Amino acid sequence: MVSSAGDPEREFRDFVAARSTALLRTAYLLSGDWGAAEDLLQVSLTKTYLAWRRIERIEAVEPYARKVLVNTATSWWRRRWHGERPTEVLPERAISDGLDARLERDALWAHVKELPARQRAVLVLRFYEDLSEVDTAALLGVSVGTVKSQCSRALATLRRRLGEQGIEPGARAPQTAKETVR
Amino acid sequence: MTRLEDELRNTFAANVAEVPPIHDVAGTAIARGRVIRRHRRITVGAAFAVVIAMVTSGTLWAGGGFGGQPGQRRTGQLAAAPNADVTSTAPLDLVVGGELRPAGHAPISLPGSGDVYDALRVPEGWLVVRGDKATHQLWLVRDSGEPTLVIDGLPSNFAFSPDGRRIAYQQGSMLTVATVAGGRDLSGQGVQLPGSDRSQGRTGAELVGWAGSYLVIGNRQGIDYDGYDLWDPSQGGYVPTWNHDVVAIYAATPDGRSVVGEVKDARPGTFCTAVLDPAAGLRAGDKACGQPYLSVARHGLSPDGRWVLGEANRAVGVVDTRNGRLTATSVPAEGTWWAGPVWTGRDTFAVAEESHLRYGRVTDPQHPQELPAPSTTERWLVVARPVA
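Top line first, the protein sequences correspond to chains H and R. What the first sequence shows, in our numbering, is residues 1 to 182, in sequence order. What the second sequence shows, in our numbering, is residues 1 to 388, in sequence order.
For the record, the hints were derived by calculation from the structure and aren't laboratory data. Since the model is a prediction, treat every value here as computed from it, not as a measurement. There may be inaccurate statements among the hints.
Said to hold, decoys possible - List of simulated lysine-lysine pairs, DSS-like, C-alpha gap at most 30 Å:
#1 R/264 with R/287
#2 R/264 with H/113
#3 R/287 with H/113
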């Protein structure tokens, strides 16, 4: 139990109030649709509530909920996906230095949503959650080598699909992000 | 860091900058949880009958619990009694939190601190990697529970050889191969990998894992890999010869003559699992195209080296190292995988799900057996068994 002295339901509600928005954001990136994201969050929170008495430390609650979220998302993909679909082929555009950032992000997001669920989960955990490869592997229950190869394959796919549209990722902006490989 | 990675970060952040309002998810979770608990209470009688049947048919909880000796703790390991299917439900050693739970024996408190990242059964006991994210310690824990620190300061990029006798690890550009059999770090072989290390990460050759007696080296560019290579440590120094068509390497046959991996197909965007020739720059031989990608499990090579175990399309998948074909997939899991699949015998495997361990057989993957998993929310994993 997280706190033997407290009211479990109250503690659970406090946890949800504090962290549900962050979890919902991750759920959206995993599912690509706000409705599906809310469903994902609901399942995750229900399982977390059921496990509440067995979770001994409050710090362990969010990792537990996130693990349920990610694994449920990847197992749902084939059976329950009902979100928006990207268009078959995005319109080709002339690429220039003045390429609108929003359009480029939309194109990238459309291709991210076409990736297999596990590859997308790896990208979300690595580039949104900023988890290390080791932690990503532990959360997904796969080897670090698998995380590396899934990530590599996903990025290669994105590069190829963007390249087919004549988009060079980030060509409009200097590099700014901090490396988080390890 | 590549520009695509920057763009991914920006895209993810932009897409969740605004979050729509949601209904009372906490209240709904509590209500649904109560319904599920009621359902569980109703079905507990039926479950009890199943347990009785398991006990009478010979499948027991070892070390306490059902059928255990008085005063012993329930260890959470499954033991097979004489008339049980001992092949498919072979005893498993588990690590739960900071505790090793050997099958049929009392739990052992593990030395060190932090998470356990890997655990391997070896003749002398168990090799356990534990520590924080950046730096680990490699311990040998003998059957008596006596610990020996084998490597202090093991970097996070490490890999055990399939037979568990050697470990490779990379610190910066230095790749070291050590023999750890007998609980001693018999270091002595290190090579300088080409490439550069900067504050933003590594570019160049990087340890990925083992394939038989070879080390798999990836050509790292930011977080991406552009080609793979093999290095045979017995041949001394390393000079990279990247094969840019290879996108993943799964394993090698025990004789080292064939490597199984994933390669680009001539058709853009498609990939094939292929048998690669390590003596010819990983040239692809037999191919199996269009089959699901295999996420290889930790220690995914079967004890006899015939199969590679992993996840394929959210099911347990098995690839034949002789031809690269995905020969078997288990029933897709409905729940959450808490630990990746592991081999339990020559052709049997188990996968840990949220509430049970599912045992399957390569020749009959559609009819798995299920037994309860440890009741814990701590990080846990199944101890791997090296290739014979």
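Right, here's what the structure says about each hint:
{"no.": "1", "hint": "R/264 with R/287", "verdict": "11 Å, holds"}
{"no.": "2", "hint": "R/264 with H/113", "verdict": "22 Å, holds"}
{"no.": "3", "hint": "R/287 with H/113", "verdict": "28 Å, holds"}
Of the numbered hints given earlier, the model fails none.
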